[in-house]
Amino acid sequence: MPRSAPFLTKWLLIVGSVFGLWALNRFLNSTTSAGVPILHPTFLRILYLCAISVTLAVSLNLVNGFTGQFSIGHAGFMAVGAYAGAAVTHVFPALQNQFGLLIATLFGAFVAGMFGYGVGVPSLRLKGDYLAIVTLGFGEIIRVFLANTDKIPGLNFMGGSLGMSNIPALTNFFWTIGLAVLVIVVSRNLKRSLHGLAFLSVREDEIAANAMGVNTTKIKVTAFVLSAAFAGAAGSLFAHSESYLDPKYFNFTFSINIVVMVVLGGLGSITGTTITAIFFTALPELLRNANTGVIKEYYKDDYRLVAFALLLALTMLLRPQGLMGKREWTLFKKRAEDLPSVGFGEGNDSLSSNLTPQSSTLPPVLKCLDVMKRFGGLVAVDGFHVLLKPGELVGMIGPNGAGKTTAFNLLTGVYEPTSGAVIFDGTQISGDNPYPPQTRSLLLAKDALITALGAYLVGTVIYSCVSSLNVPPAELYKVFGMALKSGIVWTVIIGSVAYSLFTAKTRRINQPGMPSYQCSNQGISRTFQNIRLFQELTVLENILVGSAGKLKTNLFSAIFGTQAMFREEQIARAKARRILKQFGMERLENEQARNLPYGDQRRLEIARALMTGPKLLLLDEPAAGMNPQEKVQLMSLIRQIRDDFNLTILLIEHDMRLVMGICERIYVLEYGRIISEGTPEQVRNDPKVVAAYLGVEVEDEQNEMSVNPGIGGAVDA
Numbered sequence: 110m111p112r113s114a115p116f117l118t119k120w121l122l123i124v125g126s127v128f129g130l131w132a133l134n135r136f137l138n139s140t141t142s143a144g145v146p147i148l149h150p151t152f153l154r155i156l157y158l159c160a161i162s163v164t165l166a167v168s169l170n171l172v173n174g175f176t177g178q179f180s181i182g183h184a185g186f187m188a189v190g191a192y193a194g195a196a197v198t199h200v201f202p203a204l205q206n207q208f209g210l211l212i213a214t215l216f217g218a219f220v221a222g223m224f225g226y227g228v229g230v231p232s233l234r235l236k237g238d239y240l241a242i243v244t245l246g247f248g249e250i251i252r253v254f255l256a257n258t259d260k261i262p263g264l265n266f267m268g269g270s271l272g273m274s275n276i277p278a279l280t281n282f283f284w285t286i287g288l289a290v291l292v293i294v295v296s297r298n299l300k301r302s303l304h305g306l307a308f309l310s311v312r313e314d315e316i317a318a319n320a321m322g323v324n325t326t327k328i329k330v331t332a333f334v335l336s337a338a339f340a341g342a343a344g345s346l347f348a349h350s351e352s353y354l355d356p357k358y359f360n361f362t363f364s365i366n367i368v369v370m371v372v373l374g375g376l377g378s379i380t381g382t383t384i385t386a387i388f389f390t391a392l393p394e395l396l397r398n399a400n401t402g403v404i405k406e407y408y409k410d411d412y413r414l415v416a417f418a419l420l421l422a423l424t425m426l427l428r429p430q431g432l433m434g435k436r437e438w439t440l441f442k443k444r445a446e447d448l449p450s451v452g453f454g455e456g457n458d459s460l461s462s463n464l465t466p467q468s469s470t471l472p473p474v475l476k477c478l479d480v481m482k483r484f485g486g487l488v489a490v491d492g493f494h495v496l497l498k499p500g501e502l503v504g505m506i507g508p509n510g511a512g513k514t515t516a517f518n519l520l521t522g523v524y525e526p527t528s529g530a531v532i533f534d535g536t537q538i539s540g541d542n543p544y545p546p547q548t549r550s551l552l553l554a555k556d557a558l559i560t561a562l563g564a565y566l567v568g569t570v571i572y573s574c575v576s577s578l579n580v581p582p583a584e585l586y587k588v589f590g591m592a593l594k595s596g597i598v599w600t601v602i603i604g605s606v607a608y609s610l611f612t613a614k615t616r617r618i619n620q621p622g623m624p625s626y627q628c629s630n631q632g633i634s635r636t637f638q639n640i641r642l643f644q645e646l647t648v649l650e651n652i653l654v655g656s657a658g659k660l661k662t663n664l665f666s667a668i669f670g671t672q673a674m675f676r677e678e679q680i681a682r683a684k685a686r687r688i689l690k691q692f693g694m695e696r697l698e699n700e701q702a703r704n705l706p707y708g709d710q711r712r713l714e715i716a717r718a719l720m721t722g723p724k725l726l727l728l729d730e731p732a733a734g735m736n737p738q739e740k741v742q743l744m745s746l747i748r749q750i751r752d753d754f755n756l757t758i759l760l761i762e763h764d765m766r767l768v769m770g771i772c773e774r775i776y777v778l779e780y781g782r783i784i785s786e787g788t789p790e791q792v793r794n795d796p797k798v799v800a801a802y803l804g805v806e807v808e809d810e811q812n813e814m815s816v817n818p819g820i821g822g823a824v825d826a
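Each residue of the sequence shown is one higher than the one before, starting from 110 at the first, in my numbering.
Incorrect hints may appear among the rest.
To be verified - Straight-line distance between alpha carbons at most 25 Å, and here's what the computed DSS-like set of lysine-lysine pairs gives:
(1) K797 to K476
(2) K594 to K260
(3) K740 to K690
(4) K327 to K661
Read the hints as simulated data drawn from the structure, not as lab findings. Because the structure is a prediction, the values reported are computed rather than measured.
Kindly produce the complete structure, drawing on both the sequences and the hints.
Here's what the structure looks like:
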């Protein structure tokens with residue numbers, strides 16, 4: 110079968126599904142020969158509400174489930190989309206038709222997406238409870254704003270606290286079910302793609318994801334915008350279904366209901382979220398409309414709140430992972446590995462991309478020039494200078510607290526140096542890199558402007574607080590009110606701007622260095638002192654995350670499942686499996702990382718680092734926790750990957766036998782400064798190294814080393 114056949118089938122399926130939805134919509138909205146509706150309007154409305162709830166819950170799952178953020182202001186984005194969509198058909202009566210509904214829904218999605226971007230960019234620096242508070246605040250601000258639109262010229266048609274009425278009832282089965290299916294398909298395609306693995310890696314471990322080349326900030330903002338846009342589209346359909354909007358509907362309780370649907374269904378599970386959204390929407394509506402028999406006599410609407418609370422409590426006790434956990438139900442098992450295989454040469458380019466002749470005449474891979482890092486009054490690294498040539502295997506040793514891991518963090522963009530410079534492959538990636546004078550002046554002017562705007566808001570709040578105290582008497586405010594307000598506001602503005610200009614000499618001096626994900630994409634990869642695997646992902650998925658930073662396809666390719674995306678994923682899987690085979694872990698590819706023994710977890714972390722295609726590999730205590738046999742195997746593995754991938758390796762380790770046995774040169778740190786460097790023999794006989802490690806006289810230590818050339822074997826310093 111031609112390779113394009115599956116994609117042709119997919120598009121035929123899409124066209125057939127759209128036509129089927131249209132035909133079903135016509136059928137459900139028709140009547141019998143006796144004039145009786147095929148489906149009672151009450152049940153048709155319940156179908157609409159279920160589809161809208163599915164859209165809201167699955168879209169929130171993109172943020173809370175896929176990226177692990179905690180947003181509880183989803184009703185605010187729905188409200189923005191609802192009022193924006195309703196405004197379109199109100200302002201333009203010619204659009205009060207099905208085409209107009211499409212325009213209104215797209216506009217509602219766009220406006221909500223922009224609000225999502227505006228909220229997401231500044232607030233996603235926060236995590237956990239703090240992000241929840243910000244999103245909750247956003248939802249309440251939107252609700253209060255909508256309740257006061259009757260006082261705003263040009264927006265009074267929204268009705269304020271009385272609500273917006275006379276919205277044309279345009280929503281039907283086709284649009285609501287179609288949107289729900291769209292958000293499910295988009296989420297499903299994204300989750301099953303390499304781009305989706307990048308989303309999941311942010312949820313599992315943000316620091317490790319950055320180190321593997323994943324732009325975590327971009328991922329989180331993207332999830333926030335997509336989620337908000339779908340919520341806005343659902344809001345527009347809701348507005349044109351109910352024909353009336355009330356700000357009180359989009360309250361905190363409604364946001365919590367959406368969160369409950371996601372949590373009960375299983376964070377990250379599209380299937381579970383869909384099931385719970387339908388259940389929690391349909392059941393109350395069905396019971397609310399039960400007008401006969403025992404149900405009418407004993408059922409009260411308030412009982413559903415008790416039932417929901419009990420269900421939530423029971424779920425947390427009996428199944429804390431939710432209905433489906435992170436699992437999915439699918440009819441389609443075909444994935445990228447099921448496509449026609451790639452020839453060895455086609456997918457092997459990344460493995461051999463660094464194979465260049467080793468030569469002492471080649472420029473250094475890494476050069477650190479007098480790097481210093483200060484944390485307040487503590488100098489963690491000072492005068493740090495390192496020179497690494499292509500293909501070298503270099504060790505870095507020193508007692509605990511010497512600054513070794515801090516040095517690694519400086520090399521990989523986790524920390525910015527206080528002074529000095531880090532140069533990798535001829536490019537300065539961090540350190541002293543002053544702004545051009547004109548650029549710095551513009552940035553300082555921007556800082557002053559932002560400070561002035563913030564000061565205006567603060568001054569206005571201060572005036573409001575002072576005026577509410579009625580001291581001095583309120584009569585004075587009638588005469589001097591504006592002058593007093595101007596005085597307070599301008600005092601705050603002038604003071605804030607003056608402080609901004611006064612501190613300007615200490616700000617905006619150096620251009621920011623490369624963040625961690627850019628360092629990875631430039632060719633610096635690392636492991637961690639404390640293993641940082643993506644515990645819920647499989648072994649193969651962990652390694653595939655290493656390719657996420659260098660994808661050529663974009664997010665839309667993943668969402669729509671293009672042939673280019675499948676081809677790229679296929680090549681990445683072929684490379685990942687070759688790396689697994691080289692590490693002897695191919696039989697474990699479908700095992701969750703958390704289930705691996707300690708030694709295999711260490712090896713998996715190294716394998717994942719190799720997937721990024723590095724030129725420089727930083728290994729932070731790779732032998733920690735290993736038994737002697739595993740350490741011998743590790744020594745052989747490090748040599749092998751250095752030779753096979755032609756890497757430059759910088760190794761932190763406390764096991765002296767391992768360091769002395771495989772490293773060609775060694776740097777020794779003490780209190781953040783390099784006190785010795787040279788060959789293993791030179792370092793072994795350096796009195797400063799002996800004193801730093803064992804704190805004994807040099808003569809005594811020389812006698813000790815003559816008996817044990819490994820400086821006491823494994824030193825747990």
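| Hint check, failures only | Those not satisfied: there are none.
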